[in-house]
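When you get a sec, could you build the whole thing from the sequences and use the hints?
All residue numbers in the sequence shown are consecutive under my numbering, ending with 229.
Everything labelled a hint here was simulated from the structure, so no lab data went into it.
Every value quoted in this text rests on a predicted model; they were computed, and no experiment measured them.
Treat the hints with care, as some may be off.
[What the hints assert, rightly or not] Simulated crosslink set (DMTMM-like; lysine to aspartate or glutamate; CA at most 20 Å straight-line): (1) LYS221 / ASP210; (2) LYS221 / ASP55; (3) LYS221 / ASP104; (4) LYS47 / GLU63; (5) LYS123 / ASP105; (6) LYS218 / GLU39; (7) LYS187 / ASP104; (8) LYS185 / GLU154; (9) LYS188 / GLU222; (10) LYS47 / ASP210; (11) LYS221 / GLU39; (12) LYS123 / GLU63; (13) LYS185 / GLU68; (14) LYS147 / GLU166; (15) LYS65 / ASP45; (16) LYS184 / ASP195; (17) LYS218 / GLU63; (18) LYS80 / GLU222; (19) LYS67 / GLU40; (20) LYS80 / GLU63; (21) LYS218 / ASP104; (22) LYS187 / ASP105; (23) LYS218 / ASP86; (24) LYS158 / ASP105; (25) LYS80 / GLU68; (26) LYS139 / GLU154; (27) LYS123 / ASP86; (28) LYS187 / GLU63; (29) LYS188 / ASP104; (30) LYS221 / ASP45; (31) LYS80 / ASP55; (32) LYS188 / GLU166; (33) LYS71 / ASP55; (34) LYS71 / ASP86; (35) LYS218 / GLU40; (36) LYS80 / ASP210; (37) LYS42 / ASP210; (38) LYS184 / ASP204.
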Amino acid sequence: MEDSLVLVDIGNTNIHIWEEGKIYDIKNPIAFGEDVFYISVNENKEKEFLKLNPSALNLKNVVNFDTSYIGLGIDRIMACKAVDDGLVVDAGSAVTIDIMQNKVHLGGVIMPGISSIKKAYATISPKLDIEFGELNLKKLPQNTQEAVTFGGIGAVVLMINSLKKDKKVYLTGGDGKFLSRYIDGVYVKDLVFRGMLKTIKEDLREGKK
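Now the structure itself:
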């Protein structure tokens, strides 16, 4: 049964948990029961996690994913694993944009995350240390806030739109819901976990038959 599993996504900042269909975040590793499956992009927190969960299985070691991209992160792999055909946007500390076609990963782009873009403006000038406003790509900016918003958020939105062509867009990550206001796509909060569940079903369990 899927809801007897615990899925753990160890990120750079938070540890994301899927447990009995519920999703929540924690800062530090905790112990779970059996049937724990995880992925990780944080080596130090992974070591702490495995001390508490020595039988947890790293899905990176079993996932079957068709790509020629060198160095593709396991979090991106799992988000893309959940999508057979489409544009996968994971908006977190970085914004990653990956193209899937017939279950094959064609390539992808990495951009700074929304918070990183905002911080970058502040390093240029105190006058640019302002909150993003509402994005309007149909109107040329007429003040500094509009200009910063257009250049910051607009750059990400325009990149996504330039890559999507006729593909459906799937957005996830901490800023995924925010970006979905400006992108013709669907926000899927648990996209990475869907990829993990698919890996368990297709690559682990069916692979053992």
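Okay, the hints, checked on the actual structure:
1. LYS221 / ASP210: Cα-Cα ~16 Å, so holds.
2. LYS221 / ASP55: Given pair LYS221, ASP55 holds - Cα atoms ~13 Å apart, limit 20 Å.
3. LYS221 / ASP104: 15 Å, holds
4. LYS47 / GLU63: 14 Å, holds
5. LYS123 / ASP105: With a Cα-Cα distance of about 6 Å, the restraint between LYS123 and ASP105 holds, given a limit of 20 Å.
6. LYS218 / GLU39: Since the Cα atoms of LYS218 and GLU39 sit roughly 16 Å apart, the hinted pair holds (cutoff 20 Å).
7. LYS187 / ASP104: 11 Å, holds
8. LYS185 / GLU154: Judged against 20 Å, a Cα distance of about 24 Å means the pair is violated.
9. LYS188 / GLU222: This hinted pair is violated, its Cα atoms lying about 23 Å apart.
10. LYS47 / ASP210: 18 Å, holds
11. LYS221 / GLU39: 17 Å, holds
12. LYS123 / GLU63: It is violated: about 29 Å lies between the C-alpha atoms, which goes past 20 Å.
13. LYS185 / GLU68: 43 Å, violated
14. LYS147 / GLU166: 13 Å, holds
15. LYS65 / ASP45: Satisfied, since the Cα-Cα distance of roughly 14 Å is no more than 20 Å.
16. LYS184 / ASP195: Holds, at about 18 Å.
17. LYS218 / GLU63: 24 Å, violated
18. LYS80 / GLU222: Judged against 20 Å, a Cα distance of about 14 Å means the pair holds.
19. LYS67 / GLU40: 24 Å, violated
20. LYS80 / GLU63: 13 Å, holds
21. LYS218 / ASP104: Since the Cα atoms of LYS218 and ASP104 sit roughly 11 Å apart, the hinted pair holds (cutoff 20 Å).
22. LYS187 / ASP105: 7 Å, holds
23. LYS218 / ASP86: Satisfied, since the Cα-Cα distance of roughly 14 Å is no more than 20 Å.
24. LYS158 / ASP105: This hinted pair is violated, its Cα atoms lying about 29 Å apart.
25. LYS80 / GLU68: The given pair, whose Cα atoms are some 18 Å apart, holds under the 20 Å limit.
26. LYS139 / GLU154: 18 Å, holds
27. LYS123 / ASP86: Holds, at about 7 Å.
28. LYS187 / GLU63: Violated, because 34 Å separates the two Cα atoms, which is more than 20 Å.
29. LYS188 / ASP104: Given pair LYS188, ASP104 holds - Cα atoms ~11 Å apart, limit 20 Å.
30. LYS221 / ASP45: Given pair LYS221, ASP45 is violated - Cα atoms ~24 Å apart, limit 20 Å.
31. LYS80 / ASP55: 16 Å, holds
32. LYS188 / GLU166: Given that 20 Å is the threshold and the Cα spacing comes to 28 Å, the pair is violated.
33. LYS71 / ASP55: Holds. LYS71 to ASP55 sits at ~16 Å (cutoff 20 Å).
34. LYS71 / ASP86: With a Cα-Cα distance of about 32 Å, the restraint between LYS71 and ASP86 is violated, given a limit of 20 Å.
35. LYS218 / GLU40: 16 Å, holds
36. LYS80 / ASP210: It holds: about 18 Å lies between the C-alpha atoms, which stays within 20 Å.
37. LYS42 / ASP210: 10 Å, holds
38. LYS184 / ASP204: Within the cut-off at roughly 10 Å; holds.
Violated hints for the displayed structure, listed by number in ascending order: 8, 9, 12, 13, 17, 19, 24, 28, 30, 32 and 34.
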